[in-house]
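Novice: In case you want the letters, here they are:
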Amino acid sequence: MTTPIPGQTLDDQLDPLTLAERWMADGRKVAVATVIETWGSAPRPVGSHLVIDADGNFSGSVSGGCVEGAVISEAAEVISSGEPKMLEFGVADETAWQVGLSCGGKIQVYLERIV
Amino acid sequence: MDLQLLTQLNAARRNRQAAILLTDLGDGGSRLILKGDPVTGDLGTAVAKAFLSARSGIVEADGQRLFLNVHVPSPRMVIIGAVHISQALAPMAQMAGFDVRVIDPRTAFATPARFSDVDLVADWPEDALEDQPIDAFTALVAVTHDPKIDDWPLTSALNAEAFYVGALGSRKTHGRRVERLTAAGLDARQIGRIAAPIGLDIGAQSPAEIAVAILAQVIAALRRPTDPAQEQPSSPAAGSPVR
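As you go down the protein sequences, you meet chains A and B in turn. Here the first sequence stands for residues 1 to 115, where the numbers follow UniProt numbering. Here the second sequence stands for residues 1 to 243, where the numbers follow UniProt numbering.
Read the hints as simulated data drawn from the structure, not as lab findings. Any given hint could be a false lead.
Taking lysine to any residue and the SDA-like style, the derived pairs with C-alpha atoms no more than 25 Å apart in a straight line are [what the hints assert, rightly or not]:
1) Lys35/B x Glu37/A
2) Lys49/B x Glu83/A
3) Lys35/B x Gly63/B
4) Lys29/A x Leu5/B
5) Lys29/A x Glu83/A
6) Lys85/A x Asn10/B
Start from the sequences and build out the full structure, keeping to the hints where you can.
Specialist: This is the structure in structure tokens:
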């Protein structure tokens with residue numbers, strides 16, 4: 001929803017959905033991750049997007065950087081299979097620190113390929 | 001998601017048209033609903049509610065589990081006065097997602113050199129806003145403290161129920177402004193909506209700091225709107241700096 005700022009052409013200045021459309025036009029394979037539900041304190045609101053291409057380039061965010069890595073690796077599979085996936089992240093135990101939300105919240109992320 | 005849907009959604013967003021992207025979490029199917037499209041049944045009720053609240057979320061409708069991602073137009077910020085504060089405020093507000101327009105009839109101030117990457121109009125507000133009237137999704141920031149320039153857009157913003165109306169000026173300046181606006185027929189509730197002195201009280205001194213204080217106040221008005229019926233005329237906090 002951000003207005004592209006004239007003179008700034010960095011990909012990050014585009015909102016994820018506009019960038020996804022541009023990537024598709026460039027012939028890249030693209031997956032979109034969307035926060036569909038949150039519990040407790042979650043860093044990004046429901047509806048937030050992260051877009052990922054087949055090479056692992058990404059833009060946007062579904063958390064404050066806590067679980068993006070995991071979403072990006074799942075995206076590779078979604079891009080190759082074409083099957084959407086539901087991902088859930090939260091702090092359940094100490095091991096969750098690796099791909100969890102340190103803020104203690106829980107989020108559900110829907111990951112799908114653009115076809 | 002279908003590429004054609006994504007293209008249609010992005011087009012709607014560019015045209016400032018409210019839209020919902022609906023995803024069936026059961027089968028992964030999706031469709032685009034534009035505001036005003038007829039939708040019946042349980043889903044129609046859920047869609048109407050989602051547009052009203054502008055909140056995305058999961059709904060159960062007609063036996064299906066659906067995710068409604070609501071896209072409403074991005075807020076606008078109209079800045080009256082191409083002054084030093086505006087030079088800092090305009091890029092900050094753009095970064096925060098606002099569509100910004102800076103207006104000043106004084107051509108000495110409104111120069112592209114001072115505002116290189118901003119929609120700048122060197123004209124009187126009444127003419128500069130003809131193509132883009134102030135609406136409820138607009139924040140009006142008046143920083144010339146010249147009644148000839150500020151009063152018309154302030155009146156226009158208050159009548160349009162703009163989500164934020166702020167005006168620069170000392171309490172004395174604002175006192176005279178209140179008298180003029182009252183004489184012009186605005187009521188106490190409307191005039192009480194004007195944030196004056198403008199900006200959150202964070203002790204801001206430099207133009208850039210004042211810009212931060214203004215932007216923070218605008219964001220608060222956007223994200224934590226108060227019930228207009230309960231809104232009280234604002235009284236400046238004691239000890240706040242006079243701007």
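Novice: Go through the numbered hints given earlier and state which of them the structure violates, listing their numbers in rising order.
Specialist: 2
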